[in-house]
Amino acid sequence: MSKVILCAGKKAVRPYTLKTSGVNVYTIEELCYCLRAQLDMLDEGMIDREMALFIRDELGFEERGDLLEQLVLTKADLKSRLVVIMCTGDYYDEGEIRKICDELDELAGMSAAGRRKRRADRYMQGGYYKDALKEYRGIISSVEGSTLSAQDYGNIMHNIGVINVRSARYDVAAEMFLEAYERNESRESLKCYFYALKLGHREGDYMKEATRLLDNGELIKKIEEDIENATARIETAGEFGQLDRLKVLYQQGRTSEFDRLSDEMITVLKSGYRSAVTE
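Going by our numbering, the letters in the sequence shown line up with residues 209 to 487, in that order.
Hints listed in this document are in silico derivations from the structure and should not be mistaken for laboratory results.
Hints should not be assumed to be uniformly reliable.
Label-pair ranges, simulated between beta-carbon atoms [what the hints assert, rightly or not]:
(1) Ala-284 to Glu-436: 55 to 65 angstroms
(2) Arg-345 to Thr-419: 25 to 35 angstroms
(3) Asp-313 to Glu-390: 27 to 37 angstroms
(4) Thr-355 to Thr-282: 28 to 38 angstroms
(5) Gly-334 to Glu-302: 23 to 33 angstroms
(6) Asn-437 to Met-318: 34 to 44 angstroms
(7) Ala-418 to Gly-303: 43 to 53 angstroms
(8) Gln-278 to Ile-348: 40 to 50 angstroms
(9) Glu-390 to Asp-251: 31 to 41 angstroms
(10) Asp-310 to Ala-284: 11 to 21 angstroms
Because the structure is a prediction, the values reported are computed rather than measured.
Backbone N, C-alpha and C define an ideal beta-carbon position, used for all residues, glycine too.
Could you put the whole structure together from the sequences, leaning on the hints where they help?
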């Protein structure tokens with residue numbers, strides 16, 4: 209994950225290494241940005257005396273560094289420590305800092321699994337699919353995963369399905385969407401299950417599963433229309449058709465072209481979510 213950060217303050221000679229990610233930061237702006245980006249990973253132990261000394265001695269904010277050190281020594285809560293840092297630089301304004309505090313309060317009421325899911329969802333929304341997949345898999349294979357609601361667990365499986373579509377692994381994607389639907393009972397997951405079967409050219413399974421799972425004539429018709437429209441949009445371009453071309457790009461390691469084309473396919477999936485099936 210990366211972003212260009214405009215820095216106006218002093219640059220440290222010796223960086224501070226964030227315990228949450230191992231990233232080195234050299235300015236107060238970088239520190240504020242990284243702490244904000246990793247908000248769901250923070251606890252009191254991660255904003256420690258070492259960070260206070262970095263702010264004071266390396267960045268030259270003596271009063272703020274001393275204040276943060278005092279908060280650490282008196283075991284002040286995470287929000288108090290974080291506010292001191294955010295108010296030291298000008299990277300976030302007062303309104304943004306207030307939103308950060310509100311989000312921190314919300315995170316405090318979440319389980320460990322809920323916090324990890326939130327982080328994975330953020331990776332997913334930002335297009336960092338490998339990071340999201342690693343986090344999602346970590347959640348469902350951990351003890352924490354057993355604390356998730358059926359809805360949240362199903363939503364994780366749904367997102368894993370979307371990521372597998374991106375990697376042209378349509379059979380795996382279909383399995384993930386089906387498991388997602390069995391847990392979250394979402395029509396979006398159900399529709400994506402049938403869409404993945406179509407992408408994998410599994411017509412026999414498609415018909416059998418339609419008979420088993422779809423008992424509403426209008427719903428069947430709507431899903432068919434959405435799938436036909438989306439499939440037509442994907443399969444009309446290129447000598448091989450985009451589906452076959454995506455597999456070739458993946459096998460050849462042509463990452464930039466693969467990323468562009470797979471993102472177009474994910475856009476089709478997402479547009480399908482918004483279109484129509486009322487629970």
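Original post:
Hint by hint, which ones does this structure get wrong, listed from lowest number up?
Top reply: Of the numbered hints given earlier, the structure breaks none, since each of them holds.
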